[in-house]
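Colleague: Chains F and E are the protein sequences, given in the same order.
Counting from 1 along the first sequence, just add 1354 to a position and that's the residue number in our numbering.
Counting from 1 along the second sequence, just add 290 to a position and that's the residue number in our numbering.
Some hints here could point you the wrong way.
[As the list claims (entries may be wrong)] Computed cross-link-like contacts, DSSO-like style, restricted to lysine-lysine with a CA-CA straight-line distance of at most 30 Å: (1) F:Lys-1376 with F:Lys-1362; (2) F:Lys-1376 with E:Lys-446; (3) F:Lys-1362 with F:Lys-1424; (4) F:Lys-1362 with E:Lys-383; (5) E:Lys-446 with F:Lys-1359; (6) F:Lys-1391 with E:Lys-383; (7) F:Lys-1391 with F:Lys-1440; (8) F:Lys-1362 with F:Lys-1440; (9) E:Lys-446 with E:Lys-383; (10) F:Lys-1391 with F:Lys-1418; (11) F:Lys-1376 with F:Lys-1440; (12) F:Lys-1440 with F:Lys-1359; (13) E:Lys-383 with F:Lys-1440; (14) F:Lys-1418 with F:Lys-1440; (15) F:Lys-1391 with F:Lys-1376; (16) E:Lys-446 with F:Lys-1418; (17) F:Lys-1424 with E:Lys-383; (18) F:Lys-1376 with F:Lys-1359; (19) F:Lys-1362 with F:Lys-1418; (20) F:Lys-1359 with F:Lys-1424; (21) F:Lys-1391 with F:Lys-1359.
Honestly, the hints are just simulated from the structure, not real lab data.
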Amino acid sequence: MKVEKRSKLQIYFDILQLLCEKTEEGDRPCPTRIAHKANLPYDRFRSCLDQLVQLGMVSRGEGKLVVTRKGLEYVEWHRRMNSFLKHMGLLS
Amino acid sequence: MYTQALVTSELVSTVLALVLAYLFLRAYRLTRSSYLLGLPTGFLLLGSSYVFLGASLVFESNVALSEQFLWLRLITQSYGFAFIAFTYYFSSKTERATKHFLSVISFASAITILLFFVALIVAPPFPELPSINVVDECFRIGNLVFLGYVIYHVVKRLESSHEPISGLWAPTAFSLLWLGQYSSLIWEIDASETAFVFAHAARLASLALFIRIYYSSGRVRR
Chain F
1355 MKVEKRSKLQ IYFDILQLLC EKTEEGDRPC PTRIAHKANL PYDRFRSCLD
1405 QLVQLGMVSR GEGKLVVTRK GLEYVEWHRR MNSFLKHMGL LS
Chain E
291 MYTQALVTSE LVSTVLALVL AYLFLRAYRL TRSSYLLGLP TGFLLLGSSY
341 VFLGASLVFE SNVALSEQFL WLRLITQSYG FAFIAFTYYF SSKTERATKH
391 FLSVISFASA ITILLFFVAL IVAPPFPELP SINVVDECFR IGNLVFLGYV
441 IYHVVKRLES SHEPISGLWA PTAFSLLWLG QYSSLIWEID ASETAFVFAH
491 AARLASLALF IRIYYSSGRV RR
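Only chain E is shown next, with the shape it has when bound in the complex:
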């Protein structure tokens, strides 16, 4: 029952992340600014990280396989947050400055993820890999840094916006995503049940809020 609820939560998160990736891809089609490709890529990677987490729960009985899925989740999730943070970083730069740099980052990331995927799935397990729990904490701290930068950037951009923007939905959504990561970190440290439940709830709420931003921005004033 407990596992079923968690798998459902991962499934819903995956669907929401994929919807967001599609919406951001549509936004990219409008401006054709290469830096905007970071958002669909980021949310696609986040979506795949939820799939890997769900898979690790489904194959819980097979410890080795479950741990491999957790490794994949770790890498894809951090890359996802990194892509989102880079998108915000490049959004204040000129198009020319971002073009090649982003291509290089994307290519390098794709190669890294692919190599990691091949290494974990095709090759036998590596006994020298450090404990997933220790690495997970380090990666989560990195995720918090990425998300912290995004929140700072969004607030700064909304403050300096030429037009008044109603509501601070985007900073709220990113803050919830940040709180989700923070709660997961707390759960890793003290195994608090409340932190674990809050981490899932905050993540789901943030993803749903991003979709709400898209639909509410359809009601534009003329």
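Bound-form chain F, shown alone:
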């Protein structure tokens, strides 16, 4: 089966969503596990994470990864647009 290549924005969304899920579960997000769940090699994950920190969507406070308000807004916007495209019959 051919797997569709994910866009950079989709990868950012996947990482942010996984970080949000871990935080909601009360777990401390472990970078290795997040990279594995996001289906990314660790070095690629690190560069994406650095980008997210630079964009102000994730903060590294006391060695802990936290999704910022801007990051949460991005996740919300991504979910909304995805749902819109699904309702329009453009995504399955």
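Please arrange chain E on chain F, whose structure you already have, making use of the hints.
Modeller: Quick look at chain E alone, frame taken from chain F:
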């Protein structure tokens, strides 16, 4: 009074179509899939077709000018529907397959519309052009085919969706758009007042429904 109501209807349709073009542009920014550019382009062209129709009503007394605006409406509307249909066609293809093909279609369409615009506005009227009413019927049949394909595609996609989608709002909205075109065709043939009013009402309802889909999809389950 009658003209005023029609111009208002065209104005409202234009605003709704432009809002939709903006919303679809935002959706494009999310995925960056080139085929999704067909939707904002399509709705932008539909919006401009409503402007041209409104202009033809405003300049009704100047027959030549009014007919030129009607020609522009005809071309932009059909291109708009064609873009929407192509977007749905390409949505099931791979990104690589759509990239160049869509660019070529967009470029060719832009050139055609631009040439037509220049020919009608700058050059004097062409006496050899066929009657607008005859051509209008042919174009409307084409629009019905495009919209029919979109409805078929949306229903098929929603059926095979991994997640259950609540409500069939998108097929309903496209069906209303289809009914609007069909009623206009009936009006062209038998000048039925009911068909004319229904065509405008169906178009407005469909555009409003598309916007409703956007706002209702904001309430996503977590």
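Colleague: Against each hint, give a clear statement of whether it holds in the structure.
Modeller: Do the hints match the structure? See the list:
1. With a C-alpha separation of about 21 Å, the suggested pairing of F:Lys-1376 with F:Lys-1362 holds against the 30 Å cut-off.
2. For the given pair, F:Lys-1376 sits about 36 Å from E:Lys-446 by alpha-carbon distance, which is inconsistent with the 30 Å threshold.
3. Restraint check: the Cα-Cα separation between F:Lys-1362 and F:Lys-1424 comes to about 17 Å, which is no more than 30 Å; the hinted pair holds.
4. Simply put, F:Lys-1362 and E:Lys-383 have alpha-carbon atoms about 20 Å apart, close enough for the 30 Å limit, and the pair holds.
5. A threshold of 30 Å between alpha carbons decides the hint, and for E:Lys-446 with F:Lys-1359 the separation of about 24 Å falls inside it, so the pair holds.
6. For the suggested pair F:Lys-1391 and E:Lys-383, the alpha carbons sit about 27 Å apart, so the restraint of at most 30 Å is met.
7. Among the hinted pairs, F:Lys-1391 with F:Lys-1440 is consistent with the structure: their alpha-carbon atoms are about 24 Å apart, no more than 30 Å.
8. Among the hinted pairs, F:Lys-1362 with F:Lys-1440 is consistent with the structure: their alpha-carbon atoms are about 20 Å apart, no more than 30 Å.
9. With a C-alpha separation of about 15 Å, the suggested pairing of E:Lys-446 with E:Lys-383 holds against the 30 Å cut-off.
10. At most 30 Å may separate the alpha-carbon atoms for a hinted pair to count; F:Lys-1391 and F:Lys-1418 meet this at roughly 18 Å.
11. Only pairs whose Cα atoms come within 30 Å are accepted, and F:Lys-1376 paired with F:Lys-1440 is accepted, the gap being roughly 26 Å.
12. For a cut-off of 30 Å, the pair hint linking F:Lys-1440 to F:Lys-1359 stands: about 19 Å separates their Cα positions.
13. For the suggested pair E:Lys-383 and F:Lys-1440, the alpha carbons sit about 16 Å apart, so the restraint of at most 30 Å is met.
14. A C-alpha spacing of about 34 Å is found between F:Lys-1418 and F:Lys-1440, which places the hinted pair above 30 Å, so the restraint is violated.
15. Pair hint F:Lys-1391 plus F:Lys-1376 holds up; C-alpha atoms about 11 Å apart against a cutoff of 30 Å.
16. A hinted pair counts as satisfied when its Cα atoms are at most 30 Å apart, and E:Lys-446 with F:Lys-1418 does not qualify at roughly 45 Å.
17. Using a Cα cut-off of 30 Å, the hinted pair F:Lys-1424 and E:Lys-383 is violated, with the two alpha carbons roughly 33 Å apart.
18. Proximity of F:Lys-1376 to F:Lys-1359 is assessed by CA-CA distance (about 25 Å); at most 30 Å being required, the pair is judged to hold.
19. This hinted pair checks out: F:Lys-1362 and F:Lys-1418 have alpha carbons roughly 23 Å apart, not beyond 30 Å.
20. Taken as a hint, the F:Lys-1359 and F:Lys-1424 pair is honoured in the structure, with Cα atoms around 26 Å apart against an allowance of 30 Å.
21. With a C-alpha separation of about 16 Å, the suggested pair F:Lys-1391 and F:Lys-1359 falls inside the 30 Å cut-off, and the hint holds.
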